[in-house]
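Engineer: Let the hints inform the model, and build the full structure from the sequences given.
Given next are the chains, with one letter for each unit.
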Amino acid sequence: GAVVSQHPSRVICKSGTSVKIECRSLDFQATTMFWYRQFPKQSLMLMATSNEGSKATYEQGVEKDKFLINHASLTLSTLTVTSAHPEDSSFYICSAPGLQETQYFGPGTRLLVL
Amino acid sequence: GDSVTQMEGPVTLSEEAFLTINCTYTATGYPSLFWYVQYPGEGLQLLLKATKADDKGSNKGFEATYRKETTSFHLEKGSVQVSDSAVYFCALSGGGGFKTIFGAGTRLFVKA
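Protein chains in written order, with our numbering: chain L, 69 to 182; chain R, 529 to 640.
It cannot be assumed that every hint is accurate.
[Claimed, not checked] Pairs of lysine-lysine residues, derived as DSSO-like cross-links and limited to a Cα-Cα distance of at most 27 Å, are as follows:
| id | chain 1 | residue 1 | chain 2 | residue 2 |
| --- | --- | --- | --- | --- |
| 1 | L | K109 | R | K627 |
| 2 | L | K88 | R | K588 |
| 3 | R | K627 | R | K596 |
| 4 | R | K584 | R | K627 |
| 5 | R | K627 | L | K123 |
| 6 | R | K627 | R | K639 |
| 7 | L | K132 | R | K627 |
| 8 | L | K109 | L | K88 |
| 9 | R | K596 | R | K639 |
| 10 | R | K639 | R | K580 |
| 11 | L | K134 | R | K627 |
| 12 | R | K580 | L | K109 |
| 13 | R | K588 | L | K109 |
| 14 | R | K639 | L | K109 |
| 15 | L | K132 | L | K82 |
| 16 | L | K109 | L | K82 |
| 17 | L | K132 | L | K88 |
| 18 | L | K123 | L | K109 |
Since the hints were made in silico from the structure, they are not lab data.
Structural biologist: As structure tokens, this is what we get:
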């Protein structure tokens with residue numbers, strides 16, 4: 069089946085630094101990718117829809133300047149958490165749509181901001 | 529707007545017990561319905577899906593039937609195993625745009 073990878077799987081950074089998370093579709097092209105945030109023991113919260121060749125669409129309440137999304141190619145989307153703070157610590161998951169509206173999820177990136 | 533409601537967890541069962549996790553939805557049109565599973569420390573994996581009314585999705589002993597009349601998509605398994613311990617998310621998608629709406633998730637613990 070379709071595979072989506074994320075890198076890094078885990079990152080620890082100091083407060084005020086920026087962190088880039090990559091999401092790749094390994095064996096298929098994805099003009100659209102989704103970025104989610106998941107707090108411990110909670111559901112996924114859709115942050116934004118990443119569109120290849122155009123600007124990302126952000127959900128209400130998500131800061132565009134804080135969470136920069138770049139869909140550089142048909143197989144790569146990146147999420148950059150700028151000037152990260154401890155409250156940005158979370159599990160970030162990307163997905164790409166497949167056939168019949170199925171989502172293929174990456175394994176997630178755990179971010180810890182100290 | 530569209531929404532998904534699933535039973536709160538955690539659900540704790542003994543091995544070989546019968547499992548039901550309830551899921552109901554609200555949607556305009558005719559969405560596709562999904563169950564995703566998340567094992568500890570991992571992303572989500574598709575468990576099963578149904579794309580139209582009365583369809584039954586099944587995988588790894590799990591089943592769910594798309595019930596339009598009751599707007600439900602309950603997940604069942606006849607005999608759970610310890611390895612089934614995970615968080616299960618009911619979800620719907622439809623109307624274009626591929627946006628998927630998730631339920632809150634139900635954590636399942638299976639004891640040996």
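Engineer: Are the hints correct? Go through all of them and say.
Structural biologist: Results for each hint:
{"no.": "1", "hint": "K109(L) / K627(R)", "result": "holds, 22 Å"}
{"no.": "2", "hint": "K88(L) / K588(R)", "result": "violated, 36 Å"}
{"no.": "3", "hint": "K627(R) / K596(R)", "result": "holds, 20 Å"}
{"no.": "4", "hint": "K584(R) / K627(R)", "result": "holds, 22 Å"}
{"no.": "5", "hint": "K627(R) / K123(L)", "result": "holds, 17 Å"}
{"no.": "6", "hint": "K627(R) / K639(R)", "result": "violated, 35 Å"}
{"no.": "7", "hint": "K132(L) / K627(R)", "result": "holds, 19 Å"}
{"no.": "8", "hint": "K109(L) / K88(L)", "result": "holds, 24 Å"}
{"no.": "9", "hint": "K596(R) / K639(R)", "result": "violated, 34 Å"}
{"no.": "10", "hint": "K639(R) / K580(R)", "result": "violated, 35 Å"}
{"no.": "11", "hint": "K134(L) / K627(R)", "result": "holds, 22 Å"}
{"no.": "12", "hint": "K580(R) / K109(L)", "result": "violated, 30 Å"}
{"no.": "13", "hint": "K588(R) / K109(L)", "result": "holds, 24 Å"}
{"no.": "14", "hint": "K639(R) / K109(L)", "result": "holds, 20 Å"}
{"no.": "15", "hint": "K132(L) / K82(L)", "result": "holds, 21 Å"}
{"no.": "16", "hint": "K109(L) / K82(L)", "result": "holds, 24 Å"}
{"no.": "17", "hint": "K132(L) / K88(L)", "result": "holds, 15 Å"}
{"no.": "18", "hint": "K123(L) / K109(L)", "result": "violated, 31 Å"}
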